[in-house]
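Chemist: So the chains spell out like this:
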Amino acid sequence: MIEAPTRPLLEVTNLAKTYHLNKSLMQRLSRQPILDLKAVDRVSFSVGSGETLGLIGESGCGKSTLARTVLRLHEPTSGSIVFDGIDITKLPYRGMTALRRRMQIIFQDPYASLNPRKSVLDIVGLPMAIQGIARRADIRDRVVAMIESVGLKSAHLGRFPHQFSGGQRQRIGIARALILNPSFVVCDEPVSALDVSVQAQIIALLGSLKRELGLTYLFISHDIGVIGHVSDRIAVMYLGDIVEIGPTRELLRAPKHPYTKALLSAVPQIDAGPKRERVKLTGDVPSPLSPPKGCKFHTRCPFAFDRCRVETPVLRPQRAESSAACHLLEAS
Amino acid sequence: MHSTRSSATEMSEPLLSIRGLKTCFATRAGMVTAVDGVDLDVYPGECLGIVGESGSGKSVTFASVIGLVRSPGFIAGGSIAFEGVDLRTLSDEGWRSLRGRDIAMTMQDALTALNPALTVAEQIEEVILAHANDLPRGGRRDAARLRAVEMLRLVGIPAPEKRIDDYPHQFSGGMRQRIMIAIALSCRPKLLIADEPTTALDVTIQAQVLDLISDLRRELGMSVALITHDLGVVAEHTDRVAVMYAGQIVETGPTRELIDRPRHPYTKGLIGLIPRLSDLDAPIRPIDGQVPELIGLGGTCRFYDRCEFRTPRCRTDIPMEAVEPNHHARCIRVNEILRVEEVLQ
Numbered sequence: 001m002i003e004a005p006t007r008p009l010l011e012v013t014n015l016a017k018t019y020h021l022n023k024s025l026m027q028r029l030s031r032q033p034i035l036d037l038k039a040v041d042r043v044s045f046s047v048g049s050g051e052t053l054g055l056i057g058e059s060g061c062g063k064s065t066l067a068r069t070v071l072r073l074h075e076p077t078s079g080s081i082v083f084d085g086i087d088i089t090k091l092p093y094r095g096m097t098a099l100r101r102r103m104q105i106i107f108q109d110p111y112a113s114l115n116p117r118k119s120v121l122d123i124v125g126l127p128m129a130i131q132g133i134a135r136r137a138d139i140r141d142r143v144v145a146m147i148e149s150v151g152l153k154s155a156h157l158g159r160f161p162h163q164f165s166g167g168q169r170q171r172i173g174i175a176r177a178l179i180l181n182p183s184f185v186v187c188d189e190p191v192s193a194l195d196v197s198v199q200a201q202i203i204a205l206l207g208s209l210k211r212e213l214g215l216t217y218l219f220i221s222h223d224i225g226v227i228g229h230v231s232d233r234i235a236v237m238y239l240g241d242i243v244e245i246g247p248t249r250e251l252l253r254a255p256k257h258p259y260t261k262a263l264l265s266a267v268p269q270i271d272a273g274p275k276r277e278r279v280k281l282t283g284d285v286p287s288p289l290s291p292p293k294g295c296k297f298h299t300r301c302p303f304a305f306d307r308c309r310v311e312t313p314v315l316r317p318q319r320a321e322s323s324a325a326c327h328l329l330e331a332s
Numbered sequence: 001m002h003s004t005r006s007s008a009t010e011m012s013e014p015l016l017s018i019r020g021l022k023t024c025f026a027t028r029a030g031m032v033t034a035v036d037g038v039d040l041d042v043y044p045g046e047c048l049g050i051v052g053e054s055g056s057g058k059s060v061t062f063a064s065v066i067g068l069v070r071s072p073g074f075i076a077g078g079s080i081a082f083e084g085v086d087l088r089t090l091s092d093e094g095w096r097s098l099r100g101r102d103i104a105m106t107m108q109d110a111l112t113a114l115n116p117a118l119t120v121a122e123q124i125e126e127v128i129l130a131h132a133n134d135l136p137r138g139g140r141r142d143a144a145r146l147r148a149v150e151m152l153r154l155v156g157i158p159a160p161e162k163r164i165d166d167y168p169h170q171f172s173g174g175m176r177q178r179i180m181i182a183i184a185l186s187c188r189p190k191l192l193i194a195d196e197p198t199t200a201l202d203v204t205i206q207a208q209v210l211d212l213i214s215d216l217r218r219e220l221g222m223s224v225a226l227i228t229h230d231l232g233v234v235a236e237h238t239d240r241v242a243v244m245y246a247g248q249i250v251e252t253g254p255t256r257e258l259i260d261r262p263r264h265p266y267t268k269g270l271i272g273l274i275p276r277l278s279d280l281d282a283p284i285r286p287i288d289g290q291v292p293e294l295i296g297l298g299g300t301c302r303f304y305d306r307c308e309f310r311t312p313r314c315r316t317d318i319p320m321e322a323v324e325p326n327h328h329a330r331c332i333r334v335n336e337i338l339r340v341e342e343v344l345q
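Which chain is which? The protein sequence lines are A and B, in order.
Numbering-wise, the first sequence is residues 1 to 332 according to UniProt numbering.
Numbering-wise, the second sequence is residues 1 to 345 according to UniProt numbering.
Please keep in mind that the hints were generated in silico from the structure rather than gathered at the bench.
The structure displayed is predicted, hence computed values, not measured ones.
Warning: the hint list may mix true and false statements.
[Said to hold, decoys possible] DSS-like mimics (lysine-lysine), calculated; alpha carbons at most 30 Å apart, straight line: (1) A:Lys280 to A:Lys293; (2) A:Lys210 to A:Lys153; (3) A:Lys293 to A:Lys38; (4) A:Lys280 to B:Lys22; (5) B:Lys268 to B:Lys22; (6) A:Lys118 to A:Lys293; (7) A:Lys293 to B:Lys162; (8) B:Lys162 to B:Lys22; (9) B:Lys162 to A:Lys280; (10) A:Lys118 to A:Lys153; (11) B:Lys22 to A:Lys210; (12) A:Lys118 to A:Lys38.
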């Protein structure tokens, strides 16, 4: 278990999410083996109150599944999720609905995540209507205040998503997530679909909203530059596991796990001067349907040795509040 | 634009020379000028980066070069010379012999660019059979297949002689991008246009693909026009760079110099947007405002509304100004701003 520096708002222990594939009737009748896709494989971490935990990893590593399972948008297969002292792992629907006031999500795709037939007023006001916490007239006032604080104007209220640019749509998505005044927000690749200049505007907005409203973020991105700038701590995922977690500066300055090293050294930098030593990876990410035995990274790891092919490494504390899962770190 | 050359290509004539290119799209909302007066040279053996945000015209510029602008789009003016021949005067026949052989292009999205109903073998062999004129008579098909396998090996597909008969959906995203590069390079083009070759890929795979393009460029001695929105990619993989904004080139120069000493306010802004891993305390400074609509522009600097250095004098069409012999920027205040910065330092 990795302790967050402040009182944990969210504590996740051995959380797993497995999808069972190949379960069509024909396949069951023909007794084909059921394929288990372990999207998240017994992951533990915590997020401190007021903290931003960044989650990086390549596509298919399970970072979005993890984030959605934490909010119980997907049901966990095993493990536990404790939010602000309440075990929400098995919380019934009603209790979960009430708790959703405090746990929200901003989605990646500002096009697919907004209903094209609803106006801004309807979209941003919907969470309040669902929670039944405001009258119609109040909803309007609250929505106006909210969209103004994300940089839109009250004149935009009656407009529809297609009348906005990508950046403006993402502002609508942010307003919808924040209208219930949550304390914990999952940002699932909130800037990946945006141009760099718009991306910088949205990052700045998320930062100032966090300071004003005292938010806690679980921030997912595949862009290490973005993660480095928004996060207090960073967790690195590979094929459903967290392979390294630690304070941002420590993790970026002195990565421990070979995968983190490879990931960081692959990021093209605009600065001249001494390059990070490139840790080159060969090959593709293995299929999560049949992950390699032992350490899942050993098929691409330039430093793999015999033990890595048989024994799965566990996350162990390293120096400066970091943890990493690698046999090499034990040996040295 | 004055010709801007890197030292490595000091003596040579440009392979591709674009002058005054104007490409328009007739839309219901009006005439969209996606590319407006672009001058650009690509020299033999160099890698030129073209960087800009969505809608800046970087892809349309090179779609114009390779003759892929389709109605409602059309080339409204300018010239595109490849080895001295104006491509705009080419017949369909001329295009067919040029495209795929001398100029090849890879698309951003390999899954939609590859034909899902044909095997990889069929797609590579098609190009080789259409263009290669050194295949032995009688054994053309066998020779083409051998060469196709060789290309797949070159781009790093494991067990190419087996995988060549697979379909595109049986490959990962990185492998599909490699297959597209193999198709593009199968006739050893003189110019490879790589349109966002790694945008859809993860960062470790991106590094593999970009290294591959750089290695092949050196090995085959070809030129590469690398279209990207990522200044990090530009910094690590190109010799020169052209920055585009709202259909125009706003700055061009040797890559390192342009990134270390950007002159156009937009380039400066673009560089200030990049979150740097080397300096986490450096703030990300957003550029306020939005890219202008590409309808009815003209008579003003296109960056005017967002520029912190704007003056009433900027309300006119701005020409490119030389800041260094090889470094040009489309800003009338470029030398003024330069002097102010020198004083401040």
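Chemist: Decide, hint by hint, whether the structure agrees.
Modeler: Hints versus structure:
no.	hint	verdict
1	A:Lys280 to A:Lys293	holds (22 Å)
2	A:Lys210 to A:Lys153	holds (21 Å)
3	A:Lys293 to A:Lys38	holds (13 Å)
4	A:Lys280 to B:Lys22	violated (42 Å)
5	B:Lys268 to B:Lys22	holds (26 Å)
6	A:Lys118 to A:Lys293	violated (48 Å)
7	A:Lys293 to B:Lys162	holds (26 Å)
8	B:Lys162 to B:Lys22	violated (46 Å)
9	B:Lys162 to A:Lys280	holds (26 Å)
10	A:Lys118 to A:Lys153	holds (17 Å)
11	B:Lys22 to A:Lys210	violated (45 Å)
12	A:Lys118 to A:Lys38	violated (36 Å)
When held up to the earlier numbered hints, the structure conflicts with 4, 6, 8, 11, 12 and fits the remainder.
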